[in-house]
Amino acid sequence: MKTLRTLSISILLTIFVLTSLSALAQDAPAAASAPAKLLRTQAWDKEAVGLFESLAIQEGGRIKPLKTYADVLLLKLNGRRSCRDAQEAKLDGTQWLMDCLFFPDSARQYKMFLIENSDVLVDLGLSYTKRRDRYSYDDLVAARTLLMDRARTYSSIEAPLRRLGQTQLINLATNMMDFESLTHALDVVRMRLDLRDTGPFSALAAGTGPQPVSALFPKAAEFSVALQALRQGQAQDPGHAAAMRALNPLGEAVDSASTLSFIAPPATDATSEWRSLGSLAGQLFGGQTPPADEAAVFSTFEALADAAPTPAVFTEKARALHTALAVRAQVRGEYRAIGLEVLYHKADLVYYSLCFYVLCFLGVAASWVRPKSLLLYRSDLFLLALPTVLLAIAIAMRCTIRLRPPVTTLYETILFVVWSAIVVCLFIEWIQRNKLGLSMGAILGMIGLFLANKYEVMEGEDTMPSMVAVLNTNFWLGTHVTTITIGYAAGLLAGALSHAFVFGKLFRVDKKVAGYYRPLDRVVYGVLCFSLLFSIVGTILGGIWANESWGRFWGWDPKENGALLICLWQLTILHAVRGRYIRDYGLHLASVFGAVVVAFSWFGVNQLGVGLHSYGFTSGISKALLIFYSIECVVMALGVLAWGLDRGPRAENPTEGNLA
Amino acid sequence: MQALKKTFNFLASYGLACVLFILLFLLTFLGTLYQVDHGLFAAQKKYFESIVLVHQAFGFLPIPLPGGYLVMSLLFINLLLGGFLRLREGWVKMGVAITHFGMCMLIAGSYITFRESFGGHLTINEGETQSEFVSYHEWEVVVTDVSRPDAALEYLIQEASFARFTGESEGTFNFGDLPFTLKLSRFSRNTALKKSSGTGGPPTVDGYYLEPQPEERDDESNDAGAYIQVLPTQGEAKPGLLWGQARKPFSVVLDGRTFTFELRKRRFPLSFALRLDKFTFERHPGTMMAKVYRSSVTKIEGGVEEAIEITMNEPLRHLGYTFYQSSYGPPNAKPGDRMYSVLAVVRNPADQVPLYSCLVIALGMVAHFLLALFRYLKRETRKSS
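So the protein lines, in turn, are chains V and F. The opening position of the first sequence corresponds to residue 8 in this note's numbering, with each subsequent residue numbered one higher. The opening position of the second sequence corresponds to residue -6 in this note's numbering, with each subsequent residue numbered one higher.
If you are wondering where the hints come from, they were derived from the structure by calculation, not from laboratory data. Hints may contain errors.
Restraint ranges, calculated between C-beta atoms of paired labels, are given here [as the list claims (entries may be wrong)]:
{"no.": "1", "chain 1": "V", "residue 1": "LEU633", "chain 2": "F", "residue 2": "TRP84", "range": "43 to 51 angstroms"}
{"no.": "2", "chain 1": "F", "residue 1": "GLY322", "chain 2": "V", "residue 2": "CYS362", "range": "48 to 56 angstroms"}
{"no.": "3", "chain 1": "F", "residue 1": "MET(-6)", "chain 2": "V", "residue 2": "CYS640", "range": "43 to 51 angstroms"}
{"no.": "4", "chain 1": "V", "residue 1": "GLU123", "chain 2": "F", "residue 2": "ALA50", "range": "49 to 57 angstroms"}
{"no.": "5", "chain 1": "V", "residue 1": "LEU369", "chain 2": "F", "residue 2": "GLU373", "range": "26 to 34 angstroms"}
What the simulated footprint calls covered on chain V by chain F, stretch by stretch (three residues with Cβ under 8 angstroms from a Cβ of chain F suffice, anywhere in the stretch; the number is not a length) [to be verified]:
{"no.": "6", "segment": "45 to 53"}
{"no.": "7", "segment": "381 to 392"}
{"no.": "8", "segment": "406 to 419"}
{"no.": "9", "segment": "540 to 551"}
{"no.": "10", "segment": "562 to 569"}
Think of the CB as a built atom: it goes at the ideal place given N, C-alpha and C, for glycine as much as any other residue.
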């Protein structure tokens, strides 16, 4: 049996041959009439949406629910996981995807192409009302040719030399193509082929008229022979032009239908590659009949497409399809985490955690106004602990879905850093009970999860991607990556806590009460020690991993160097404190700089684009990093200013005899 | 005695530790940025494996700095002496002392790796057996008497022996039983073979000469070259060119014997052989992303065969050598094509030192910080009660 790859090549070749032939068919008349528009008139049935969101597909090298695919794609196009239909009703990712598949003409009207900068529209000669706005496909389609031309031109410019507007235009072109392929993904099950009077294909015609593609599956061998005859024949042959008119859309539909791979191969099959509707229909071009069970799935899709305007029938067909597809995946053990992943997205615990951290922040602000209210203090504690538990559940769900340790991608480092830092904050609060840990936890939770959300939108990709070969080890991901990430978290937390010192000094907070600064000194020192422990052990573990996979413990690779910089800076601070070269101001200013070092190590070195840690390279965050570095420099400058202004007697060594 | 004590205190001081940490911090940061334009190899040589260096700040301001080698040597002394000082402070500082000794172990291990380890790659086709590996960086000149029945007998000159003979300086080499002396000159780690345009310029051999080139960012892309003169015990000197990319070796016939002279990457023989039975490259389905690289090899030693799998993160360790899955080819192979696998080979006597150091350091730090935390909590509890 031919492999799918060989098959797809043969399809492409066939399409190419057919396209070339069609160019020769000068006498081919234009299409008789435009097909009726596919517009949704009723809301989607909830059960049908539920069935669709838990359909398993293979995409990006892994099995995932259709909901994940839909949400991520919509996030990429629209900057959020939902959009509004033409009647302004809200649609989630799955409903939007179902519209794209079953009612493409409706989907083309939705304003879900987010254009951040109107310069892109000016470049395309389109009008605009707001600098940042959303547009529908129908709004943009008039400039499609120009858009693609411009995108080709801009793509030839090296990425670092491109202007932001040029990059955004390329992204828009990619998004439009992604959308187009989705709206044509079910053309192959919607189309009806009329093969009457089509020369060599006439023998395949159904007596009564147009037929679905699945009706041709039993006649695949004859189809292949007819195709051969068509290739060898002449444009002037009778029926040639009609055959071209019938087959060209089929070739295009087969191509478009390869976007989504719904059909798991049999458990006994050697390949782990799932089949798409396109790959099934494409077998016709190779003269092969798809296996009966796969052909049946294809027919169910045809029935489903037909039933789209009738919600009750559609749901019934969707039920049958879901069962058929889920059983195939279950037999291979590939449906294990689909339900959990759907639940992960629907529960949206990361978003709710962010909301609770915001509430906690407001509560903490209120408790500073009413410092003696025990009720307020306790509710703030609850509002910090609850989202931390929710975040832990979200991280645990991700681990269960992927069967991986908590940190495997940059996005996950953000979640884990935030969670670890807040756990340390809760510990600080438990020891000190002075609202320091509480306040810092609320602020870090709020900022951290906001950034996690921003990062997810910026990347516009699945946050649970397949792993490159070198990362394919749970032992090292679980030890080195987790440890070093806790080191990052504590380093950032120490820097954040030192902000409280700098601003406290600058604004003379609690100047006359000794109970504000001394505990802060001790906490920062303690958190730095904690960070150093994890950073050093994490860095050395990273070296040991490198020794296992690349053959050397230390190679001065930028990512390794970044981790070393954190260790060296923290060692400097702790030794300088012990040697009494720095006291309170020195400790806190150095700790703020430590946060800059952590940011450089965490994200900054990834921007350099060199080294072996290429799987961690990122782009597009240089601006955010520069802003962070600048803010921290300003904080340090303010700290120096406060130092100058603080004419009081110097505090004693903050840590002597305590933690060091 | 007083001076000795002062020196000891200085070498073990927090102040020296801070200065060394800051210097190493600076070197690490500058060396990281330097890699972007100059590559890892150059950055490593300049910043981390040097005694002193001159850093060009902003491209024009020269700043002399101590190199990584010097800083880390001093840090080793500081850590060791600092560790002994902490020991004197009793069990409370035991954790710090243990951490210091763990760090010393790590630096000592790194030094052993730096001085003693060597490595290269073993590139092997499916079905083929190999019993030697090739250096990534080092060159050697090999002289072979191809007219002998055992042409495998080779006379070797390692790069360390001729690397200094750049420009006009010449090195002379003798091999007891060979009827000639060799002279090597104008060695350069990166050269281009050029056709002579006629007048002036470097000496030519058969109308060609070697032109030194700036070294590539990636050291493996350099093509070394040198001028050679074969001086027979009797007769005329025979000049030639040795070039890393030469298609065939330079050869000379003397007394009816043919000798070949070749400049090639250094080869290291192994006392056992590896046969590549199959190379497997799996992608994540439907993508171009690699999921697994796997070399199924057979180790042949003393007539005994053993089947072994080498994958990413799971190397083969044997007789002090470690074989890692590094690369594969051909790049655009189709199913059924004969594959080759590239195994990186390292011999490092301190291979496992980082692991033991890590355990010692972690033990020391955990002990110290937990102790400090408990003491702090105890004090706080006493205060509040």
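> Any hints this thing doesn't respect? Which numbers, in order?
Replying inline: 4, 6, 7 and 8
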